[in-house]
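Peer 1: This is what each chain is made of:
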Amino acid sequence: MSFHGVGLSLGSADPLDPDHLARLDALVRRFEPALVSEHLSWSSVDSRHANDLLPLPFTAEALEHVVARIGRVQETLGRAILVENVSTYFAFEESTIPEWDFVAEVARRSGCGLLVDINNIWVNAANHGFDARRYVEAIDPASVGEMHLAGFESTGDLLIDTHGTRIAEAVWPLYRTAVARFGPRPTVVEWDVDIPSLDVLLEEAGKAEAILA
Amino acid sequence: MTHLAEAQRRFLAQVLAGEPSSERLAVYRRNVFANHHDALAAVYPVVCRLVGDAFFREASERFAQAHPSRSGDLHRFGAELAPFLEAYPPARELTYLPDVARLEWEVARAFHAADAKRLDVRALSALSEDERGRVRFRLQPAARLVASAHPILAIWEANQPERDGTPERNAGSDRVLVRREGFTVRAHALSPLEWRFLESIARGEPLGKIVGDPAIGMQFESQLLQWTGNGVIDSFSLSPPR
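Note that the protein sequences, when read in sequence, are chains A and B. For any residue, its number in the numbering used here is found by taking its place in the first sequence, counting from 1, and adding 191. For any residue, its number in the numbering used here is found by taking its place in the second sequence, counting from 1, and adding 355.
For the record, the hints were derived by calculation from the structure and aren't laboratory data. Computed from a predicted structure; not experimentally measured. Be aware that a few hints might be false.
To be verified - With the C-beta cut set under 10 Å, the calculated list includes, among others, these residues of chain B facing chain A:
#1 Phe366
#2 Arg379
#3 Pro423
#4 Asp428
#5 Phe432
In this text, a Cβ means the ideal position worked out from N, Cα and C, and glycines have one as well.
Produce the entire structure from the sequences given, and follow the hints as far as they go.
Peer 2: In structure tokens:
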């Protein structure tokens, strides 16, 4: 079993929600999943929740903050968690650290593992204009505990991570590069909108499996 | 911290503003709104069917502005839809709608409530007579009581996915018990007597008081057997001696 959270708001300046964390802790103790993961994003301001994976400014302050928060979560749960890079459509002007260095540094300083979403790297590379391979090369293979693949859709100006279509042809070579660098890691094909027939899903999973083998 | 807090405050304010300043922020606005709309539509499918998608979409946007989400757990979003609808002018003529929303919220809460315990009959029968009078029963965590001056149960049943939306009754009041069996939430009509009995239990009244309620009277024992036997009453504690 792998628990994948969206609600902890790891990157918020708001205090961590002690009730949410306590309920996660109770769930983890009850089911003892093999993996527990959350997103490298934020959701609430002044206790108002957007219930979405919002982008962080990549600054030294945000880095320090999110590392401390991951530390508190790991301390409460008594185990390391995996933290996932998210798709973003907006970049803060105040960012001073490239996203790949920020992500790698979060793992190095907090001791958390990484859930590397290959599609999200591809989407961000297109939306913000960087080299996706450089991102993969910045990640310490030892920190990677899981990977995600998914489909995106284009608005013309932006790629949107929709989880509603096949994995783009262009993303497979990046996944291949990641597997070559990180080694085989448990990989989830995320498809939770406009869910296709099981055959199509199995085909996508089969492509990933062939690369992992 | 102040910089991060300020950046996040500014970002969310721009996203939630009527006209985001860029297409990039508009993507987030659409996502945030869709997440909240979809969460409401999942909890309130009958309300949504009664008013139609366009009405529900507009109402859910107004609702999210008036009662923003306060938790990272989306299952907690939408508790105040019933009072919101009571004061929402476009729904003024749909007098039954807030109570239908109340019932749907309790159905959703029942789905996520903890499993029932198994009543400890041996411990119960070992009590002295004095202790029996002080027993406070508990309803199973999924048990919810909803009453309305409108036929909300008939409306709710008629608007389940396999039904055509025509209620079997379109008048009369309803007293409803919501409970969960496994993963299935059911809603049952209660008689005035059953309602009074379960309501007294839910309020935490000790058995000594309920047994003396003239409205329950001779039916006390059969009521007790019915609700302990079917698991709606799942545990008990003792109130302090007088």
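Peer 1: Hint by hint, say whether it matches the structure.
Peer 2: Hint check results:
1. Phe366: holds (7 Å)
2. Arg379: holds (5 Å)
3. Pro423: holds (5 Å)
4. Asp428: holds (5 Å)
5. Phe432: Since the shortest Cβ distance to chain A is 7 Å, the answer is holds.
In summary, the structure agrees with every hint in the numbered list given earlier.
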